[in-house]
Amino acid sequence: MTREAAESIEDAVKSIIIAELRVDHSQLGPTTHLMKDLGADSLDALNIALRLEERFRIKIPDDAIPRFLTVGDIVNGVNEHLSAQ
Amino acid sequence: MRRVAVTGIGIIAATGVGRERVWEALTAGRSGISRIEDFDTSNLKTNIAGVCRDFRPEEFFDERELTRLDRVSQLSIAATCMATREAGLTNGQLDSYEAGVYLGTGFGGQSSIEEFCGAFFSNGKGRRSAIAIPKSMYNASSSNIAIRFKTRGPNITFTTACSSGANAIGQAFHLIRYGHAERMIAGGVDAPITPVVMEAWKEMRVLSTKNEPPERACKPFSANRDGFVLAEGAGIVVLEDLETAKNRGARIYAEVLGYGSTADASHITFPDPEGEAHAITRALKDAGVDAKEIDYINAHGTATKLNDASETEAIKRVFGSRAYEVPINSIKSMIGHSMGAAGAIEFIATVLALDSQTIPPTINFEEPDPQCDLDYVTEGARELGRSTPMKVAISNSFGFGGNNAVLVVRAGVQ
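Chains A and B are the protein sequences, given in the same order.
Quick note: the first sequence uses the working numbering, first residue 1, plus one each step.
Quick note: the second sequence uses the working numbering, first residue 1, plus one each step.
It cannot be assumed that every hint is accurate.
Said to hold, decoys possible - Calculated lysine-lysine pairs in the DSBU-like style (CA-CA distance at most 30 angstroms, straight line):
id, chain 1, residue 1, chain 2, residue 2
1, B, Lys316, B, Lys305
2, A, Lys59, A, Lys36
3, B, Lys316, A, Lys14
4, B, Lys125, A, Lys59
5, B, Lys150, A, Lys36
It is worth saying that the hints were derived from the structure and are not from the lab.
Remember, it's a predicted structure, so these values are computed and weren't measured experimentally.
Whenever a hint applies, use it, and build me the whole structure from the sequences.
Given below as structure tokens:
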């Protein structure tokens, strides 16, 4: 994967989080925790997973969602799904 | 047996937000019915409704909350904010197993379920949501009120169509009266002005099609009435054990005296004056007052051919020749029919009528109907003189399904 492609995945993940949680871009770093830092709950996580599935045309398995805890986790997870396809 | 007081009022209707604005409009005989602007109505025969245009959800919720709450929950919470503030209750006083929420709704989170159905039937084109269920379930509003205000006691949603709000208040009244709760947030809410619901009512041919001008459409008890006008809104009251309310120095608007509930058990939509009359007599018996003590009737008064004739007949069966002497009004003439909220909003109007000794008019009465020949206060708001004060009133609510609920209220505290 090129550096540009990796950056665009990270940007897309961030914009989904920003839209779903109504947070500011400056609040998001790789270790930002969705629940502890941004006040998200499990329903937010489900909606974020839905948007990721739509955006990247992937299928996120049920057991992957609880592991999406930080922005970095999600970016890595999406990368894994994309490279597995 | 405890006595039960009304100590707080929260209301959102087509005529405005808050007790003062709504009451000012109602007593001025001003309609809140307007053209529907939020979706295409070109295929509908009716393009008007009682939209709560002055309700600004962003004044009550942040952006994130707005995405999580259907409009029906937004209306419920906002009206509860007003009612609890007016009652002078802090969250500390509500954070108790002795405080609960009884709420009526006919449609629940209808917009959210329609949004989800739209996505479901669009072959993957629509925007799906993981929170369609918690937004649209019927008990979302009452649960969201509990979450917001920390009321930990009984939390139940009543759905009896157009009498939902009245049944919720009646049941909450009994809960306090018989010692199962000290304080209840009770009322009704609905936000049914959606493309699907409008279409479904159109097929039933019960909506007024007198679109021009919108404010003249709803004509309860008038011979040329042609149906109801759909509306949205919320009516919430704080009910309290009277002694507790007095001890904390709360303003007491009125005392709830009685509640009667019956089922017509005859037809799913065709009203039966017998079931309605029995709801009134049961409410009077529950209140321990005689029919001749009733000074005012807040009617269900939908402006359908069937309801208004049936309700008039029910009133005659209970009140006999005195039916002609008791003033009766329908505030639906001004705010439309807000379904599950209607019974609660009309209960509040009954309380405010007693409190201000003023009966709002039934507007748009144009042609006498031989089947509807009572005193419907059609000449404008009626202020009662000091020599003949209104003391006790009833509010009628009759829902599809034949679900009838009647509440009896007394002014102030005797």
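These are the hints, each one checked on the structure:
no.: 1; hint: B:Lys316 - B:Lys305; verdict: holds, 17 angstroms
no.: 2; hint: A:Lys59 - A:Lys36; verdict: holds, 26 angstroms
no.: 3; hint: B:Lys316 - A:Lys14; verdict: violated, 67 angstroms
no.: 4; hint: B:Lys125 - A:Lys59; verdict: holds, 16 angstroms
no.: 5; hint: B:Lys150 - A:Lys36; verdict: holds, 23 angstroms
Against the hints set out earlier in the document, a violation occurs for number 3 only.
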